[in-house]
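Following the hints, put chain P in place on chain X, whose structure we already have.
Residue numbers (the working numbering), protein chains in the order written: chain X, 1 to 287; chain P, 1 to 295.
Some hints here could point you the wrong way.
What the hints assert, rightly or not - Calculated from the model, a selection of chain X residues having no Cβ within reach of chain P, i.e. all distances over 12 Å:
hint, residue
1, Gly41
2, Ala58
3, Ala129
4, Arg181
5, Arg254
6, Thr271
7, Leu276
Unchecked claim - Here are some, though not all, of the chain X residues that point toward chain P, as calculated from beta-carbon distances under 7 Å:
hint, residue
8, Gly80
9, Pro88
10, His201
None of these hints come from the bench; they were simulated from the model. All C-beta atoms in this analysis are idealised placements derived from N, C-alpha and C, irrespective of residue type, glycine included.
For reference, the chains in residue letters:
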Amino acid sequence: MSSRPPVDEARKRLQRARCIPDDALGLGLRPVHYPHIFEHGPDVDYFEAISENFFGPAPGPRRNLARVRSRYPIVLHGVGLNLLGHAPLDEGYLDALCRLVEELDTPFVTDHLCWTGAHGVSHHDLLPAPYVPELVALAAERADYVQRRLGLPFGIENVSSYVEFEQSTMTEWEFLAAVVREARCWTLLDVNNVHVSSQNHGFDPEVYLDSVDFTRVLQVHLAGFTCESDGTIVDTHDHAVAPHVWNLYASAWRRGGPFPTLLEWDAHIPTMPELLGELAKTREVRA
Amino acid sequence: MNRAGPGWLAEFQAHFGDVVRTPLDRSSGTLRATPDRYDAVMTRDARDGPRAPGAARLAVYNRQYWFRLFEVLKAAFPLTARLLGYWTFNGHAGRFLLQVPPRGWDIEAAGLGFVPFLEEELRPEDESTRVALLEAARIDAAWRDVSRAPLRPRYRPSDADATHLLESRLIPSEDLQLVEEHSALLELRRTLNGAGAHDRIALPPPLAQPRRWALLATEGGVRQLPLEEREAELVELLRSLTVREALARLEKACGAKERESLPAHARRWLARGVQHGYWSGIVRGERAQSQTTHV
Numbered sequence: 001m002s003s004r005p006p007v008d009e010a011r012k013r014l015q016r017a018r019c020i021p022d023d024a025l026g027l028g029l030r031p032v033h034y035p036h037i038f039e040h041g042p043d044v045d046y047f048e049a050i051s052e053n054f055f056g057p058a059p060g061p062r063r064n065l066a067r068v069r070s071r072y073p074i075v076l077h078g079v080g081l082n083l084l085g086h087a088p089l090d091e092g093y094l095d096a097l098c099r100l101v102e103e104l105d106t107p108f109v110t111d112h113l114c115w116t117g118a119h120g121v122s123h124h125d126l127l128p129a130p131y132v133p134e135l136v137a138l139a140a141e142r143a144d145y146v147q148r149r150l151g152l153p154f155g156i157e158n159v160s161s162y163v164e165f166e167q168s169t170m171t172e173w174e175f176l177a178a179v180v181r182e183a184r185c186w187t188l189l190d191v192n193n194v195h196v197s198s199q200n201h202g203f204d205p206e207v208y209l210d211s212v213d214f215t216r217v218l219q220v221h222l223a224g225f226t227c228e229s230d231g232t233i234v235d236t237h238d239h240a241v242a243p244h245v246w247n248l249y250a251s252a253w254r255r256g257g258p259f260p261t262l263l264e265w266d267a268h269i270p271t272m273p274e275l276l277g278e279l280a281k282t283r284e285v286r287a
Numbered sequence: 001m002n003r004a005g006p007g008w009l010a011e012f013q014a015h016f017g018d019v020v021r022t023p024l025d026r027s028s029g030t031l032r033a034t035p036d037r038y039d040a041v042m043t044r045d046a047r048d049g050p051r052a053p054g055a056a057r058l059a060v061y062n063r064q065y066w067f068r069l070f071e072v073l074k075a076a077f078p079l080t081a082r083l084l085g086y087w088t089f090n091g092h093a094g095r096f097l098l099q100v101p102p103r104g105w106d107i108e109a110a111g112l113g114f115v116p117f118l119e120e121e122l123r124p125e126d127e128s129t130r131v132a133l134l135e136a137a138r139i140d141a142a143w144r145d146v147s148r149a150p151l152r153p154r155y156r157p158s159d160a161d162a163t164h165l166l167e168s169r170l171i172p173s174e175d176l177q178l179v180e181e182h183s184a185l186l187e188l189r190r191t192l193n194g195a196g197a198h199d200r201i202a203l204p205p206p207l208a209q210p211r212r213w214a215l216l217a218t219e220g221g222v223r224q225l226p227l228e229e230r231e232a233e234l235v236e237l238l239r240s241l242t243v244r245e246a247l248a249r250l251e252k253a254c255g256a257k258e259r260e261s262l263p264a265h266a267r268r269w270l271a272r273g274v275q276h277g278y279w280s281g282i283v284r285g286e287r288a289q290s291q292t293t294h295v
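Chain P extracted, bound-state conformation:
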């Protein structure tokens, strides 16, 4: 039998949950539990122990909740955490978790939604720093999403597909993520030390030209593939449009000179995408069209 518990248990757990999620105080420059701010019902119900009063005993759970989740977010956003410094990062993480507390059994899902939160929340000294930090957060999130995605069979076109390709929509692989960087963030991410490295690191200088990458899951981890600018645009357009529509949209964005070489480049990019496994399947004909209209 799988029934709900009694009403008083729901009430008890609501009070205990409030205590567990009470924000840690940052005013002293360290993270401190503040038992005097705890839910009054809960502090009344917590028995004093031989070593500490009831409220102080509840603080163990309060600290564990926050420190555990800070570690989870730091592990999911290692680059962002080091660029911001842990103290600042934990401040953002704490406010995020108050707004979006974790749900379900998957603790690693606790960071889902952190990037949109940072987009609203980050207010560094200048706009270029803000843009770079958000780029770092998107790279961390993309890396996490690729690592967590299932590895499905890749799309391998049949002869019959070739005749219908233009009217078809390519289904992106679940593990495909596209990222863009205006400074060498992915390279920096690879060089981060693991446990024990706490120092804030500086943003790398801007690149002469932004770089675009496709991230894909492999048997051994995450694969990072460079994309040309238009190639990245095409792959992005193909997420929602048929091949014909995506190519038309891309052509429209190109200048006259670029247009001349576009067909050859597009064939090469599509072939490369198939080779690396950007797509897991194809939707043909009317189904492809109708799906497009819903995007």
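Same shape as in the complex, but just chain X:
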């Protein structure tokens, strides 16, 4: 069993990896908010951009991103790395990611513990895989490879999931913890995703948090979800953060705070002042 570094050392290492204040509050960057950001410069510590939205050659998106970057730190969050895909990682994708990292001087990069495509077809979704030790080794090798390619801390986010598989011999939290430990990479802990999956699969979300090494958490995500008619909870990012998720966030904060926290909202997106109001609730929960 590997021994953990002393608390102070781990804390310093974590602060170096984050490069943003430990208690920073951020927002997912969405084009609908550009006018407000450019005109008012809202009180946000950092923005998180979806990497793939800025890979293309069109000048508009990158110009807007550069304008935001001139005022705020930007961290990059991917949805297409395909960490658990059967095929090797796409080197062209990694080249594009490296170029963007260089352009933005981003402190860290994150993506998901999932697969997104196989056999040449991309599903543009965050799909779960069976959780088995053989895939811990594969995911850890790849995460390490990405981290080395980027030359930056690379964090893996837990996904919301709607199905589990008979082949799994580990829980998701055991799987995530093992990958992060073996790869010596980092975690992006999405507490909304923990809640969504806990409801869909029937586990105690506090048990999930028990397994998280908070000295490896780069940031925490918050978002809203939708409850379908059959009771399935879907991670839609189109509502305010639910009370259960705030409770889970408070528990995470007690266990491992301070950590940077970011609010995602992707559909029925409210105005920037409304988003800031939702984000401000974070301070109350932390108190």
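Below, chain P without anything else, positioned relative to chain X:
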């Protein structure tokens, strides 16, 4: 290290992928997932949850796949989608995506190839409607291509270029698209409401004369420039021919009266093209000729 995963993972993902891409059922007038049609291996492997059985849990991914891609295609083809109505549009989009599933990280590339697919697939009540709908689809595709193109420096001729111009080939700017409309489709496209507007809209009445436009990227978006009929022909010919060959081809297409004024018009059109940035460079002499022969 960047190695491939184990064989069983490839197999697992093939089965899961089949489930995700299972077409949604349209027979009830709404789009419904049909878990009873899912890949048997996958439904066996999906555990039942506290709220739903395994197959129903897989349906979440099946629905998300289709609805996400329908939204992407609607965003890329807003005019086509509204003219067809979303229900019909989604039917075409679904069949297209079964034939040409998305590849790579760029979700917006999912609509590439949709226009040729519609050319084969569209069978409306009359030919004029079909032609107009395809024109709308080409306009949507051109708009998307211009929006996605890089903004490169424009061609600015030097004094030396003038002496070689006729034997040269002008390189079209990557963001240049030419479109033609027989009804006021571009104007209609501009007036479309954004999110929340779902109603099918009618085709505008035919124009007295068709209109041609050049679409170009600008710092602020897409610029739309009117073209005269022969000017549009010339710009199109210049995509593959030297200036001399293009002018000769155009001259041949003109009547006697038109030919008289063609040199003056051609100079004006070329100057306008340079001013607006239709071209990004020039290929001179033999290289221009040899490229022409490959077109």
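Against the structure, the hints:
1. Once the 12 Å rule is applied to beta carbons, X:Gly41 is consistent with being away from chain P; the minimum gap is 21 Å.
2. Distance check for X:Ala58 against chain P: the nearest CB is about 5 Å away, which does not clear 12 Å, and the non-interface claim fails.
3. Annotated as non-interface, X:Ala129 brings its C-beta within 12 Å of a C-beta of chain P; the closest such distance is 7 Å.
4. At the 12 Å boundary, the C-beta of X:Arg181 stays outside the reach of chain P, the nearest C-beta of that chain being 17 Å off.
5. At roughly 27 Å from the closest C-beta of chain P, the C-beta of X:Arg254 stays outside 12 Å, upholding its exclusion from the interface.
6. Listed as a non-interface residue, X:Thr271 keeps its Cβ farther than 12 Å from every Cβ of chain P; the least gap is roughly 15 Å.
7. No beta-carbon of chain P is positioned within 12 Å of the beta-carbon of X:Leu276; the least distance is around 22 Å.
8. For the restraint placing X:Gly80 at the interface with chain P, the shortest Cβ-Cβ distance is roughly 4 Å, inside the 7 Å limit, so the hint holds.
9. Checking X:Pro88 against chain P by beta carbon gives a least distance of about 5 Å; that is within 7 Å, so the hint holds.
10. The interface hint given for X:His201 holds, since its Cβ lies 6 Å from the closest Cβ of chain P, which is under the 7 Å cut-off.
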